[in-house]
Amino acid sequence: MAKTKPGRRTLDSYTVKHISKTIRRESSPIHLILFMIYLSGDCVLMRPSDSSKPSYVARVEKIEADSRGANVRVHVRWYYRPEESIGGRRQFHGSKEVFLSDHFDIQSADTIEGKCMVHSFKSYTKLDAVGNDDFFCRFEYNSSTGAFNPDRVAVYCKCEMPYNPDDLMVQCEGCSDWFHPNCIDMTAEEAKRLDHFYCHNCSSEDQKKLHNSHVLLDMPMPRWIQNAVVGDTFDVCEDVSLCTGPNEHRGSDEKKICERM
1 MAKTKPGRRT
11 LDSYTVKHIS
21 KTIRRESSPI
31 HLILFMIYLS
41 GDCVLMRPSD
51 SSKPSYVARV
61 EKIEADSRGA
71 NVRVHVRWYY
81 RPEESIGGRR
91 QFHGSKEVFL
101 SDHFDIQSAD
111 TIEGKCMVHS
121 FKSYTKLDAV
131 GNDDFFCRFE
141 YNSSTGAFNP
151 DRVAVYCKCE
161 MPYNPDDLMV
171 QCEGCSDWFH
181 PNCIDMTAEE
191 AKRLDHFYCH
201 NCSSEDQKKL
211 HNSHVLLDMP
221 MPRWIQNAVV
231 GDTFDVCEDV
241 SLCTGPNEHR
251 GSDEKKICER
261 M
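Take UniProt numbering: the final residue in the sequence shown is number 261, and no numbers are missing along the way.
Careful: at least some of the hints might be erroneous.
In silico BS3-like links for lysine-lysine, alpha-carbon gap of 25 Å or less [what the hints assert, rightly or not]:
1) Lys62 to Lys115
2) Lys126 to Lys192
3) Lys126 to Lys115
4) Lys158 to Lys122
5) Lys53 to Lys115
6) Lys53 to Lys158
7) Lys158 to Lys192
Across the chosen pairs, the derived CB separations fall in these ranges [stated by the list, open to error]:
8) Asn201 to Ala129: 27 to 37 Å
9) Asp110 to Cys183: 25 to 35 Å
10) Gly174 to Phe148: 49 to 59 Å
11) Ser52 to Gly131: 48 to 58 Å
12) Glu140 to Asp177: 25 to 35 Å
13) Asn142 to Asn201: 16 to 26 Å
14) Ala188 to Ser51: 45 to 55 Å
15) Lys192 to Ser120: 22 to 32 Å
Honestly, the hints are just simulated from the structure, not real lab data.
This structure is a prediction, so every number in the text was calculated from the model and none was measured.
For every residue, glycine included, the Cβ atom is placed at its ideal position computed from N, Cα and C.
Required output: the full structure, derived from the provided sequences and hints.
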């Protein structure tokens, strides 16, 4: 009879045993941490071959074991850090930003260091506190071409850069755009103390409106209005193009009573 080799089976979940890295002194007890990973897109930190590098971030796609439930391997989809991409890290990339790549791999479950959470960009910006195991993703990354999806994002401030959640920004109450303090000649401490903020463009518009209102207020009243007394009536022009002067009225027979005190 021909020999057969049992096939590998897919696991619904897998409990990882991990020894805590945090050992304060030699007499401290070793902490054994148990955590479970599932197939529903759980994200994990994986040990790099170079100990000087940060842990790799990956999304679990599948977990397999041999017929005895041993030799567990995980199918993962890698997240790339900005510095690992072809274009490298740029100013708007956050310190906890990762890109979901098209790079799939199979790794031993023993290389898993712990679970992590990769948030959507919107969810990440709403976190009250960011932990060591929190990351965010707003781009998918093609590892062979260096292309990103989406390839366009909204830009802000005078520098026209995408939003970096690590950077403080202030919002203009006029146009609702966001600005970096250093782009508007302001320190972060000064920005934090602001109760209201209007950008240069909105401030200029307000000054124009204020100037125009002053011009209107400073215009002298026509003599025929200045000399009017309470109870006098005068014609009202409804079409400036038909009027030739204050005593000429061709648009309406309506009379207005002077109520100026």
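Against the structure, the hints come out as follows:
About 15 Å separates the Cα atoms of Lys62 and Lys115, which keeps this hinted pair within 25 Å; it holds. A hinted pair counts as satisfied when its Cα atoms are at most 25 Å apart, and Lys126 with Lys192 qualifies at roughly 19 Å. Between Lys126 and Lys115 the alpha-carbon distance is near 21 Å, which keeps this suggested pair within the 25 Å criterion. Annotation: proposed proximity of Lys158 to Lys122 holds, straight-line Cα distance about 23 Å (limit 25 Å).
A hinted pair counts as satisfied when its Cα atoms are at most 25 Å apart, and Lys53 with Lys115 qualifies at roughly 18 Å. Distance restraint check for Lys53 and Lys158: the Cα-Cα separation of roughly 35 Å exceeds the 25 Å cut-off, and the hinted pair is therefore not satisfied. Straight-line distance between C-alpha atoms of Lys158 and Lys192 comes to about 19 Å, which keeps the hinted pair within the 25 Å bound. Between Asn201 and Ala129 the C-beta distance comes to about 35 Å, which sits within the given range of 27 to 37 Å.
Against the hinted window of 25 to 35 Å, the Cβ-Cβ separation of Asp110 and Cys183 comes to about 48 Å, which falls outside the hint. Checking the proposed 49 to 59 Å range against Gly174 and Phe148 shows it is violated: the Cβ atoms sit about 32 Å from each other. Separation of Ser52 from Gly131 is about 23 Å and departs from the stated range, judged on CB atoms against 48 to 58 Å. The beta-carbon spacing between Glu140 and Asp177, approximately 27 Å, falls within the hinted interval of 25 to 35 Å.
Between Asn142 and Asn201 the beta carbon distance is about 38 Å. The supplied range of 16 to 26 Å is therefore violated. Checking the proposed 45 to 55 Å range against Ala188 and Ser51 shows it is violated: the Cβ atoms sit about 35 Å from each other. Range check, Lys192 to Ser120: Cβ separation about 27 Å, and the 22 to 32 Å hint holds.
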